[in-house]
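Two chains, two separate frames, one set of hints: put the complex together.
As a plain string of letters, each chain reads:
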Amino acid sequence: MGYVDIPFSRLVLALGFILVAIVLSSRGALRLEREIAWGAARGAAQLIAIGYLLRVLFAHERPGWVLLALSVMLLVAAWTSARRVKRGLRSRALLLYALVSIAAGASVALVPVFVFIVPPTPWFEARYLVPIGGMMLSSSMNVVALVLERLFAGARLESATIEQLLALGATPQQALAPCTRAALRAAMIPTINGLLTVGLVALPGMMTGQIVGGVAPEQAVRYQIVILYQLVATTAISGALAARLARRLLFTKEAQLLVPPETELEPRK
Amino acid sequence: MVTGRLAAEGVVVVREGRALVAGADLGVSAGEIAVVTGVSGCGKTTLLRAMATLIPRDAGTLALDGIDAAQIPPMIFRRRVAYVPQQPPMLEGSVQSNVATGPRLAGASITPEALAALLIRVGLPEDMLSRSARDLSGGERQRVALARALANKPSFLLMDEPTSALDPSSAAHVLALVRELSRQGLGVIVVTHVEEHAERLEGTRYVCVAGRLTVKE
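Protein sequences, first through last, are from chains A and V.
Numbering follows numbering that gives the first Met the number 0, with no gaps: position 76 of the first sequence is 75.
Numbering follows numbering that gives the first Met the number 0, with no gaps: position 64 of the second sequence is 63.
Hints listed in this document are in silico derivations from the structure and should not be mistaken for laboratory results.
One thing to keep in mind: the hints can contain errors.
Covered stretches of chain V, as calculated for chain A (at least 3 residues, CB under 8 angstroms) [what the hints assert, rightly or not]:
| hint | segment |
| --- | --- |
| 1 | 42-53 |
| 2 | 67-79 |
| 3 | 87-97 |
| 4 | 101-108 |
| 5 | 145-154 |
Okay, the calculated beta carbon distance ranges per label pair [stated by the list, open to error]:
| hint | chain 1 | residue 1 | chain 2 | residue 2 | range |
| --- | --- | --- | --- | --- | --- |
| 6 | A | 243 | V | 58 | 32 to 40 angstroms |
| 7 | V | 22 | A | 78 | 39 to 47 angstroms |
| 8 | A | 193 | V | 193 | 53 to 61 angstroms |
| 9 | V | 3 | A | 78 | 49 to 57 angstroms |
| 10 | V | 8 | A | 90 | 34 to 42 angstroms |
Here are some of the chain A residues that sit facing chain V, going by a computed Cβ distance under 8 angstroms [to be verified]:
| hint | residue |
| --- | --- |
| 11 | 124 |
| 12 | 159 |
| 13 | 166 |
| 14 | 173 |
| 15 | 251 |
Virtual Cβ for every residue (Gly too), placed ideally from N, Cα, C.
Chain V extracted, bound-state conformation (with noise of 0.2 angstroms):
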């Protein structure tokens, strides 16, 4: 049994006659960091989203905690492992509603201190949980919804180009957090184009090729 750890061995993902990802082996550990590169339609998108369970392998593992992901019910798991998506809808409602979405799912609530903390956690002002969540910018919508992720207390955090709708300084908190996060016991795979934002991390590297991961020396 190995525990705190997210891997996936020999993924492969066919869409329509098309292999997006042609066995990719990628795995982080409880407070590591893994950082994936790569051109865009590499495949990199698509990997994230099987390892979250949100779309069916064709073929491949996927262990938490060295289980099975498939022995594991889909809503425990992705609580256990959140995915944070590159342009992540905002739910009807204010923010607040949308941060305390994943606890009011499982019925439980959350406190609104716990939930101006995260949104301090991720940069944005306390204030912001009362403003509608659909009428925030792209950057504003990213971290509410990192938040939104955090809510669920999850082992494994999952990001797409999480810095893709950033400026260079909301960016650079960004990147901080993760690192914070990672410090803390969290095990984060991070997708992202940008070769400067993927060195801030100082994770483990891959790089995506057509469908495949080859660790980055």
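Same shape as in the complex, but just chain A (with noise of 0.2 angstroms):
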């Protein structure tokens, strides 16, 4: 089974729903017009990029290759989920931090995955490992987001309870206990969710990707499973060692909580 090519001038055609989008805007007054044609224009130059990397990176299979295209991900992943929170906090312990975190909770749900599940030959096989591990990395990268702008929030928001158990005699861990199981659970919530409801409303991403690419549908739904198995892993194993890891900043070495700055509920632009 093959699967339809898309010329590029089919893909021109494409870009009629982005002017029913503009021109919805337009008439809505919701001058939304430039944002949506710079998300069109930008979105298509990076996937088109990617694409042509992907393509170079599949022609020189080299394990340092593909390494090193795992290791921007990873880069990537930590600058975006450690730039939310402002400055102020030392933003380079933060980065580090976000790093750690989100390299051990995709590594946990990566290596045995192709070690015993579904093993590459070479075990460096790019069109394998990149794709499944931008799926770990960029869940990973949006828990750490989360766990960190809550448990900050957090903190700011509890800082006369947490100094209230620090004075009763409580560890650092023990006074920030309720604000980090708070943001974990916010955090584990829509991977949850994703669980529970796929496939009776969306089909995701990379099963639908196989079905189309010619994959009989019972093996992909098998790689779905995995794949959604190995998010909650990495969701869970990311989001307890970011809150584990950011608890560093908010407390000092006799135990003082350093109330946090104001977190930006917005990425910065």
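Given below as structure tokens:
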């Protein structure tokens, strides 16, 4: 089974969708025309670039290049999740903690799968490592961003309670535990909801892609199950580790609370 | 070695370039009461928080029984030197679980009888134990917070405006309790802006002006 090729001329036709949205925005005075156009151009440019990059990577498949690609993805993920928190906190430490959390969460999910469940040959085969690795890294990135933001916002909001617990002899870990629990639960819930609704509402992207590409649906489904389980482990590990590491930024060595500055709800432009 | 004494000397706390506490000396021995009065913003609360080791000092020493506070693990220090803030936050759950917080954090347990005795000691009815702590009035919260602090069996008690949310009769009860606690051997530092309450505590008087303390004769 093959798939239908999309020549460039027909790809351009897809721009019609963007035009529809721009016309609607302009009629409704939403003033989103520029954003839609910029988003469409930028998204297409990024995807076209990554398409060619992957092609080069597949053609020169060496462990070093594949690992370099994954490392760049990891760095971007760490930077994106750490930048949500305003300066004032030690931003370098924050970036390092985000990096460690994402790397650990993604590795724990990826290594056993590539060793035991979907062993690619050779082990560094890019068409497995890069897309599946990317899914883990991006999910991990979202969880780490959410945990950091929730934890710092929670510590600011609950600073009086945290300090009261410290005054009663609590360790920083004990004093921050309610905030940590709330942050981790909030960060894990989207992944768990994903497990509950998958297949009922949306067919996940990877599965859809495999089916369109000609893979037997029952095999595509198995891949998807593995991916979903991996995502649960990744988010749990990355989230818990990020919360644990971020605690170091919230207390002095003498177990005094450093009330964090406001976090930005929107990523910086 | 000085036993049974909590002493701060030359304490300085600077925040955003401003010295909130500018070289304050304050100490109390077991069984004594020290009372600090002064207008709001003079640095009384900041000094108290620094003595509870809840905020860093920029200069000065703090010693417990003659031992530098920096040599004592903060969790141990704070069990011996209890701090009750002006608006003590109640933790989620019952009054019982609030009062039992300190022992629970240390992995110890406290009997229901001991909890009831603590409530009675601060002038609250024993049947309040099962109520939700966050539904209590300001005055009740203040006294639950005092019971919660006492559950750790501290040697020293730092109280910030303990009577600010209380009606006159409850305030009288708390002031009498503070004197009783000091007679039982507790060293107590009370910060208040109510001159009449300060007088009734019959302790050593300090006046706080612009981050410095002077002994009031």
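For each hint, the structure was consulted:
1. 42-53: Contact hint for the segment 42-53 of chain V vs chain A: holds, 3 residues under 8 angstroms.
2. 67-79: holds (count 6)
3. 87-97: holds (count 4)
4. 101-108: holds (count 3)
5. 145-154: holds (count 3)
6. A:243 / V:58: 32 to 40 angstroms: Between residue 243 of chain A and residue 58 of chain V, where Cβ atoms are some 33 angstroms apart, the hint holds.
7. V:22 / A:78: 39 to 47 angstroms: holds (45 angstroms)
8. A:193 / V:193: 53 to 61 angstroms: Taking Cβ atoms as reference, residue 193 of chain A and residue 193 of chain V lie about 58 angstroms apart, which means the hint holds.
9. V:3 / A:78: 49 to 57 angstroms: holds (54 angstroms)
10. V:8 / A:90: 34 to 42 angstroms: holds (37 angstroms)
11. 124: Cβ of residue 124 of chain A sits 51 angstroms from chain V, so the hint is violated.
12. 159: holds (5 angstroms)
13. 166: holds (4 angstroms)
14. 173: Cβ of residue 173 of chain A sits 6 angstroms from chain V, so the hint holds.
15. 251: holds (6 angstroms)
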